[in-house]
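Novice: When you line the sequence shown up against this note's numbering, it's residues 857 to 1406, in that order.
No wet-lab data here; the hints were simulated from the structure. Worth double-checking, as some hints may not be accurate.
[To be verified] Straight line, CA to CA, 20 Å or less: simulated PhoX-like cross-link-like pairs of lysine-lysine: (1) 984 with 953; (2) 1039 with 1023; (3) 1279 with 1289; (4) 1154 with 1138; (5) 987 with 927; (6) 1274 with 1056; (7) 1154 with 1289; (8) 1056 with 1279; (9) 1374 with 1318; (10) 1280 with 984; (11) 1154 with 1309; (12) 1056 with 987; (13) 1280 with 1056; (14) 1280 with 1154; (15) 1279 with 1309; (16) 924 with 953; (17) 1318 with 1124; (18) 1308 with 1056; (19) 1124 with 1138; (20) 1305 with 987; (21) 1274 with 1289; (22) 1380 with 1308; (23) 953 with 1056; (24) 1142 with 1124; (25) 1374 with 1309; (26) 1284 with 1380; (27) 1279 with 1318; (28) 984 with 1019; (29) 1284 with 1309.
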Amino acid sequence: MTSASRGCTSCRSNSFERDAMSGHLCCTACGLFQEYDSYEPHLGGLNGPEGTFVRVGTAGTGTVYTYKQRKVFGAQTLIGELIDRLGLTDFRAEQVKTMVANITENEFGEGNWFPILIGACAYVVMRKDNKPLPIAEVASVICSDIYELGRMVTRVVDFLDLKGSEKFPEFDIVWSFERAVRKSSTLSSVESDTLEIMRKQGIFLIQCAVKWFLTTGRRPMPVVAAVLVLVAELNGVNMRIEDAAMVVHANVSTTRLRYREFLEKLVKVAQVLPWGEDVTVKNVVKSAPFVIEYMERKSMEMPDSKKRKKVDGVIGVDLGDVVSECLRKDVEYGTDGYGVEGDSNCFGVEQNGGIVRAGDDDDDSDRMKLSHECLSLMYTEFLDKMRHKNSTEGSTEIRGRKRTGFKHRECMDWWNGKSDLTKKLLLKQILEKDVGLDALPPSFVTGCKVYKKRIEKINAAKVRINRVMHPSRTDLGESCDSCSLDSVHAKKKRNRRQSNDIDWEDFIIETLLLHEVKEEEIEKGHYNTLLDLHVFNSGVLPEVLPWKAK
C-alpha cells in the first residue's frame, strides 16, 4: 500500500497501490488507473517515434493523406467542375489539368488565383485547337473580371512560349458564329435545312464584316451577335438583340452599335439597286435579300485579270438568262410570287436577231451585245403583264410598299449559297473577294474626322490670339473667327451650344500655341504630354511668335 500527494481523479482517495502487470498506480477504493502516473516523454525530431495521439506529418483523425495530396485532389476536382460548367469534354479537362500541372510544376494550388489560372488554361487549350471560347464566357464561369483573366492568359501564353499563328492561332470568328447557332435556344426549334442555310448566310456575312474591317481592333463577339440577329430576321425567326448578346456573352449596347454599323454598310451596297436612293438604315432589311444576292454574285465573279484570259472551251455568261432572272424578281421587295414567264423567248433569236453570245463572235468573244429592239420588246411585255397584275389585284401601285416583311419560302429563292465566302477562308482570300463595297476601317475614318476638326480648332485659336494681340485688325479677325468657328461646329444640332463658345480643348490649344508648340505636334492630340513637356516645365511666354502677323 502506498500513498500519493495527489488524490484519485475519480473518488479523491489517497490510497493507491501499483499494479503488478502494468506498473501503474491504481486506486484501492475505485480501482481507476491514474493517468498522470503513466506519462512517458518521447524524445526525437520529425523522424522520431510516433506519438500517442498525433502521427507526425498527417492531419485529422483516421487519415493518412498528406497536405499536398489533399491540395492536388481539391485542385483536380475544381478543374473538373469548371470544365463541366464550360461545356467541354473530359478530354479537354485532361488537357487543362496537364497544362496547369506543367505551369505549377505539379504543385497545383489553392486560393482566389487558381480558378483564374484554370480559366486561362481552358481558353488557351481551345484557342490552340482553333475552337476558341469567348473570354467573357470564361470570366463569367470562374466569377472573375475579364481584364484580370486576360492578363492571366497573356502570362500563360508567354510561359508556354506560344508564339506564331501555328502554336497560337488567331481568334476564329467563324467558329464562334457556328457555336452561337448551336447554343441559341431561339434557333433550337428551327428545321435543320433552314438552320444550315442560316449558318451559311451567317458565315458569308461574317466574312463580309471582316472585309469591311468591322472586327479590326474590336471585340468580335458583338459582331457575331449582330449577324446572328440579322440572319434570323432574314429567315423569319424572331430574335431580339438582347437574346443574341446573352448567347455569346456580349454587351447589349455594343451589339446594337455593331448591328447598326452593319446595316449602314448594306445601305452603301444597296445604292446599285434601282431603288437604292430610297434605302435607309430603317428599311434596308426589306431590301436585304436583293442586296445579299448582289453581294453573293459579285463574290462569285472572276477577277479582272482572270477575265481577260481566254480559256478554250469556256463559255461566257448567258446574258439572256441573267436578264430573264432579274425580270422574274418580285416587285414588292420579295412579297409577291407573281413572275414574268417567257421573258427569255426574245433571246431565242439568232445572232442576226440582236444578241451575240460569248464565243459566237471571233473578234469580240468576251463581250455580249443586246439590240435596242430586243430590250424594247422585253420592257413592253413586262409593262403589259404588270398592268394585268395590278388590275387583277385592284392595286394601282407598281412598286407597292404595304407589306413590311417577306415570307420564309421567298427568302429561300434569293439565296444561292455557292459563293466561296460561305466557307471559312483566310484573311488574304477574304480581302481579295469583291462584295460590292470596299470600306475603310471605322476607327480610321473617325480618326480622320477628328484630325480635320482639330486642325480647324488650331486655326480658330490662332485667329483668336491674333485678335487679342492686334486689336487694330479686329474686323478682319472677327470675320475670320466666325468663318472658322462655323466650320468647326458644322453638322451640330440646333439646340447645341452657340458657335461662338469654346470648350476645354480650345483653351488647351491656345495655351500650347502660346508656348510655341509646333502645330504638327498639336494635331496628334497628345495634350497631356505636351502640357507636361512645354507648359509646366517652362513658365515663360515667348516674346515673338513664329506665326505672328507682320
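Novice: Any hints from earlier that this structure breaks? Give me their numbers in increasing order, please.
Specialist: Those not satisfied are hints 2, 4, 5, 11, 15, 17, 18, 20, 23, 26, 27, 29.
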